[in-house]
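Colleague: The primary structure of each chain is shown beneath.
There are 2 protein chains.
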Amino acid sequence: MKALIPYKKKNAKSRLSPALTQEEREDFVELMLRDVVGSLHEAGIDEVDILTTLDNGVPNDLQANVVLDENDLNEAINEYLSHEQKSIFIIMADLPLVRAIHIKEIIARPEDVVIVPGKGGGTNIIFIKDPSNFHVKYYGSSFLNHCNIAKERKCSVYIYDSFLLSTDIDEPHDLVEIMLHGHGNSREYVMERFDMETGKARARITVSDDA
Amino acid sequence: MKALIPYKKKNAKSRLSPALTQEEREDFVELMLRDVVGSLHEAGIDEVDILTTLDNGVPNDLQANVVLDENDLNEAINEYLSHEQKSIFIIMADLPLVRAIHIKEIIARPEDVVIVPGKGGGTNIIFIKDPSNFHVKYYGSSFLNHCNIAKERKCSVYIYDSFLLSTDIDEPHDLVEIMLHGHGNSREYVMERFDMETGKARARITVSDDA
Numbered sequence: 001m002k003a004l005i006p007y008k009k010k011n012a013k014s015r016l017s018p019a020l021t022q023e024e025r026e027d028f029v030e031l032m033l034r035d036v037v038g039s040l041h042e043a044g045i046d047e048v049d050i051l052t053t054l055d056n057g058v059p060n061d062l063q064a065n066v067v068l069d070e071n072d073l074n075e076a077i078n079e080y081l082s083h084e085q086k087s088i089f090i091i092m093a094d095l096p097l098v099r100a101i102h103i104k105e106i107i108a109r110p111e112d113v114v115i116v117p118g119k120g121g122g123t124n125i126i127f128i129k130d131p132s133n134f135h136v137k138y139y140g141s142s143f144l145n146h147c148n149i150a151k152e153r154k155c156s157v158y159i160y161d162s163f164l165l166s167t168d169i170d171e172p173h174d175l176v177e178i179m180l181h182g183h184g185n186s187r188e189y190v191m192e193r194f195d196m197e198t199g200k201a202r203a204r205i206t207v208s209d210d211a
Numbered sequence: 001m002k003a004l005i006p007y008k009k010k011n012a013k014s015r016l017s018p019a020l021t022q023e024e025r026e027d028f029v030e031l032m033l034r035d036v037v038g039s040l041h042e043a044g045i046d047e048v049d050i051l052t053t054l055d056n057g058v059p060n061d062l063q064a065n066v067v068l069d070e071n072d073l074n075e076a077i078n079e080y081l082s083h084e085q086k087s088i089f090i091i092m093a094d095l096p097l098v099r100a101i102h103i104k105e106i107i108a109r110p111e112d113v114v115i116v117p118g119k120g121g122g123t124n125i126i127f128i129k130d131p132s133n134f135h136v137k138y139y140g141s142s143f144l145n146h147c148n149i150a151k152e153r154k155c156s157v158y159i160y161d162s163f164l165l166s167t168d169i170d171e172p173h174d175l176v177e178i179m180l181h182g183h184g185n186s187r188e189y190v191m192e193r194f195d196m197e198t199g200k201a202r203a204r205i206t207v208s209d210d211a
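Going down the list, the sequences are from chains A and B.
Just so you know, UniProt numbering puts 161 at position 161 of the first sequence, and the rest follows in order with no gaps.
Just so you know, UniProt numbering puts 39 at position 39 of the second sequence, and the rest follows in order with no gaps.
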């Protein structure tokens, strides 16, 4: 089994710009990546490949391999899958709420494919037992795409239902979820910078006076 | 065991007004209520109390009791809990993605209290084994409130992690989740009225031309 993490640092997460500068966002995505890799290792997945491009430097001290591919996300992943025999656990780098227990539960499922839906029809994690019999199609409603591809390929599918794994960190209000349910480097980073402001509606973040 | 569903129909869900008129929203909250009650019955919870006020007519054909209380949500629920000996499963009426399997898993937990977090620090479901030893505090970050109350009362707590149960239907983009992951009356209603528009970002809804 191997894990694959698509990763982009350069000008990442532009939708977080109301809350964080470009430099802060680039620091922050690296911290989220560290938390994801940490949970994978804790779950016993030692072989971790980070799929990225030349100008998105992955830190040297991460126990992970760097796979460079300048193509777009789908092409790059499908190229990778076509050369793989082992089961592949594809997880996005912006899921710092993931814990080892989630990963262990997902990889223990007997189905051919496990899909973890994100908000709005995304695919936050996909676990593929036989990568030679699957291809990915991110963007658009990738959750439906992946359900359909599994059906065409006659793969059994399990939909793993998790709030924490549905929470990819894209927008300022997602940072609240890190404060409430997070751990590790990303939580420390957010707690240092923001306060939680609560009213009748959903909790929001506010920038600390001393930030 | 009993279930308690706080319910408000009159001018409900104002944040859905970009997508639905007041009359439509009032119809829609009733359909969501029907789906929630249906899943409770399917999970074997026969005794369902709907907590509401005089002007929020609960349909007569629902197999549920109506409990009228004109006080605010917290006061009304705490008054209810103070007179109850049975375990209470408090579920919000805007959770049409709930299925019987979720409910069965929650009520099978051995802990004193099970909390199902919503987005932004909400409490979407709380299951309380001994209602005489608990009180609720909705609004604000009720998830943290309820964790703290459990700690004060020395209750063991389980946090039930579910994307589907974290998805209370408050804003137009939440309707997409009903299209993707829903069932029952509420899904039928949404599918008749909206199309899904997908691009690189999260899926959005658009009003059907023939709506």
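Keep in mind that the hints were calculated from the coordinates and are not lab data.
Any given hint could turn out to be false.
Distance condition first, Cα-Cα at most 30 Å in a straight line; then the derived DSBU-like pairs of lysine-lysine [stated by the list, open to error]: (1) Lys104(A) <-> Lys137(B); (2) Lys137(A) <-> Lys86(A); (3) Lys86(A) <-> Lys129(A); (4) Lys151(A) <-> Lys10(A); (5) Lys154(B) <-> Lys2(B); (6) Lys2(A) <-> Lys86(A); (7) Lys137(B) <-> Lys151(A); (8) Lys104(A) <-> Lys8(B); (9) Lys137(B) <-> Lys151(B).
Values in this document were obtained by computation on a predicted structure and should not be read as measured data.
Colleague: It remains to establish, for every hint, whether it holds in the given structure.
Modeller: Status of the hints after comparison with the structure:
1. About 34 Å separates the Cα atoms of Lys104(A) and Lys137(B), which puts this hinted pair outside 30 Å; it is violated.
2. For the given pair, Lys137(A) sits about 20 Å from Lys86(A) by alpha-carbon distance, which is consistent with the 30 Å threshold.
3. Between Lys86(A) and Lys129(A) the CA atoms are separated by roughly 7 Å; this keeps the pair inside 30 Å, and the hint holds.
4. Pair hint Lys151(A) plus Lys10(A) does not hold up; C-alpha atoms about 36 Å apart against a cutoff of 30 Å.
5. Distance check on the hinted pair: Lys154(B) and Lys2(B) sit about 23 Å apart at the alpha-carbon level, within 30 Å; holds.
6. For the proposed pair Lys2(A) and Lys86(A), the alpha carbon gap of about 7 Å is at most 30 Å, so the pair holds.
7. About 45 Å separates the Cα atoms of Lys137(B) and Lys151(A), which puts this hinted pair outside 30 Å; it is violated.
8. For the hint linking Lys104(A) to Lys8(B), the alpha-carbon distance of about 41 Å lies beyond 30 Å, and the restraint is violated.
9. Proposed proximity of Lys137(B) and Lys151(B) is supported: the alpha carbons are some 14 Å apart, at most 30 Å.
In the structure shown, a violation is registered for the earlier hints numbered 1, 4, 7, 8, in ascending order.
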